[in-house]
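A.B. asks: Chain by chain, the residues run as shown.
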Amino acid sequence: MSKKKRQSKEWGQFKQSTATVILVIMILLVITAILFAIPLNGKDSFQIGKSNYDFTWVSHAVKLGLDLEGGMYALYEADLSKIPSNEEKSNAMDGTISNLQAMLFSEGYTEATVTKQGENYIRVEVPSIENTEHLMTIIGEPATLEFKDPEGKVIIEGNKHLKNASEALHEGQYVISLEFNDEGRELFAKATKENIGKTISIYINGKEILKPTVNSAITEGRAIITGNYDYNTAKDLATKINAGTFAVKLDVISTASISPTLGQNALKYGLIASAIGIAIIILFLILVYRGLGLAASFALIIYSVLIVYFLAIVPWVQLTLPSIAGVILSIGMAVDANVIIFERIKEEKQFGKIGKGISTSVQYGFNKSLPAILDGNITTILGSIVMIIFGSTTIKSFAITLLIGILLSMFSALIITRLILKIMLSFNDENDAFYGLEIKQEKTKKHSNDKYDLELKEVNASEK
Amino acid sequence: MQVKNKTKKLPNILNKEFKIFQNVQYWFLVPLIVILISSIAGIIYHVDKRFYGFVDIGIDFRGGTVLTVEMTGADILGANRDKSLSIISDVVSENGAEVVSDQNSGANTLVVRYPNTIRVEGVQEDYNKPEKTEEMLEINNIIASQVEMKFKEAYGQDITVNATAEMINATASSDLIKKAALSVGIAMLLMLIYMAFRFDFFSGVATLTTQLIDIIVMFSCIILFRIQINSTLIAALITIVSYSINNTIIIFDRVRDNVKLSKSATGKIDVQDIVNVSVKQSFRRAVFTSFTTLITISILAMVGIRSLTEFALPIIFGLLSGLYSSLLLSPSLWGLMMQAKLKNSKLTPQKYKNRKKQLKKAR
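Protein chains in written order, with our numbering: chain A, 1 to 464; chain G, 1 to 363.
Honestly, the hints are just simulated from the structure, not real lab data. Nothing here was measured: the structure is a model prediction, and the numbers come from that model. Note that the Cβ used here is the ideal one computed from N, Cα and C, for glycine as well. Heads up, a few of these hints could be off.
Pairs of lysine to aspartate or glutamate, DMTMM-like flavour, derived with a Cα cap of 20 Å [as the list claims (entries may be wrong)]:
hint, chain 1, residue 1, chain 2, residue 2
1, G, Lys83, G, Glu134
2, G, Lys260, A, Glu347
3, G, Lys132, A, Glu87
4, A, Lys160, A, Glu88
5, A, Lys268, G, Asp102
6, A, Lys89, G, Glu134
7, A, Lys89, A, Glu69
8, A, Lys163, A, Glu119
9, G, Lys129, A, Asp94
10, G, Lys132, A, Glu194
11, A, Lys148, A, Asp182
12, G, Lys178, A, Asp94
13, G, Lys129, A, Glu119
14, G, Lys179, A, Asp182
Partial pick of chain G residues on the chain A-facing surface, computed with a CB cut under 7 Å [claimed, not checked]:
hint, residue
15, Asn104
16, Asn108
17, Gln157
18, Thr160
19, Asn162
20, Glu166
21, Ala180
22, Ala196
23, Arg198
24, Asn246
25, Thr292
26, Ile299
27, Leu300
28, Ile305
29, Thr309
30, Leu313
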């Protein structure tokens, strides 16, 4: 209770000089933030003294998906000549496609699409990213893996007997860890058992890279390849070996850049739509809630700037059409929170007529709408976390932006709007008309619902 | 009294008493009618050969054909892009298909996609079926050679143009749909649990039910207006699920407050009054916030880009349905369940309290 009292004393009690300072600092911060986000002159470098500094505008740092910015595609021809029946051919293609998808995903190309084209082609499309070359080295040249016994007979083949290859740390060294499938495990166990004391050679791409001596039979179906690898070479080689386990051999036929799947102007119009949307919302808020709406509009602008920053900074964001939906939805929720608060403030002003000033109504409005806002946002946060964990790529990108958006919108509605209102109130806390809080006599007309209104009044009185 | 009203401003509907719970049976009629109309429409689309099926499933889920046109000797892109694209679209539509997306590739290549739905003399048929594959391959060859011919007519015979049309699979796999359904399912279940804790179990059940109704209504509108279903729809559906729950929670927050007030004022839970007052109290807010979100989404739908419209329209339907169901359906559902519970347990809250006191005393 004492805590509450203190709060109500502090509320709206900025000195005017303090309020001015806070306001000026906020405006300067926002303007600077906007300037850093949006390129004005189109040049990305500027001169200080004699040297040029490269500068990436924040909005340029937002990674865009295949649907909005395009990227590149590669067309692979699959060698199906060794596979006899049509059914097996199509099975082999399907298997290769899903392997390719999994591999691209694990390499961080989460938005990549892999489709079968024609009979024996595979089309891979990836969003534009800095290191397409790295991608090409991985899927461009799959590695073959073979184990041979001392007589040079092939015991294990990567594309038949390997389940998975991955990089691992073994005795302080990066190694490639191999896991065989059931058939591979049996063969490997048999071969190691028969060749104790002899050597088994490991070939990658036909080149012998390791010739370990077998000490004992290995039955658990695992092996490691050592060699002076660092993390990156081990990882790349493991990926290539994985690519080599694909049922069919792939050859790159063509690669080229590709424009956005949603068409040239999807992003532009998406941004224009959001800007117009925000403008109309600001107009609406100011018309309906006047002074309160002004505070919320300022908070909304801060929110919009912040979200650009966060989309640029959070590493696994790749902006796609679904993620734009996430942003729009969170803008809606930010406004929602403000409307809930303002409606409560109006109610407080309305039913607490005697002795309730604007400051007190505003404070009660914020406090009373807090549970509703928290509940609404927490459920959505829960939902988005679940979708990040379990969802497929489209859903993940939507859920991540939604999560960022909700957290920011709560921040903007509950903290920024509150701060701005507090500043405004320290200049003007008596003008009902400015805050749109005039009491309308019409509304106090008697009807059956009044018992709750009365009750509300009593509760408010007792809280005071 | 009536004369007096005339001279005044328009009567504010918020000054009227809301009779939500008294008319509970009517509120469920609207979604039912929407569902009925769209099922009939769907059946018509299914039977009538001018459409190819119950719903319009897009290239993301069914696969289609990708046509790559490469030209050297003249610009296919840049200033000529519109011209090139219209030549290709014309050829494709003369052969009974329809271009749904176009992309630039490299400096001199245009890539378009069309679903393998071929219209012959007004009858649409799905050429993705295995028995139609041969025919589709033939159609694709015809399209490719016609495109090459038309390009030479348009840009002169000296150019070299190379068109290849090849069938592609669906980009959205069944795995994707399964994962989407799973994650949404888990998310909804967690929300139900959360609501059961923070509000009451009935609020949770009512919210879950209205979410399902929203999804069904949204699908009905998609069927009715023949919006093509592509992978962006999944995101649209999830958007609506999240938005609808947010709307509903605001109402149940009022319900929660009013239950407390009703208990302390009258000693019992007056379901009818609670529902009516709660809806009335959240009416302005619900309409305002849905309106602001609708503005942004509508602008997205209106810019005239096919993919954006396809994405935004379902969200608009969902928002409208969400507004309707959160205001009218979910509190009504809660009220019905609460009433049934109160009827069954003859204990009124007051009696319950008294009994509790007695028990305490006895101890």
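A.B. asks: Starting from the hint list further up, note which numbers the structure goes against and sort them upward.
C.D. replies: 1, 7, 8, 10, 14, 16, 17, 18, 19, 22, 29, 30
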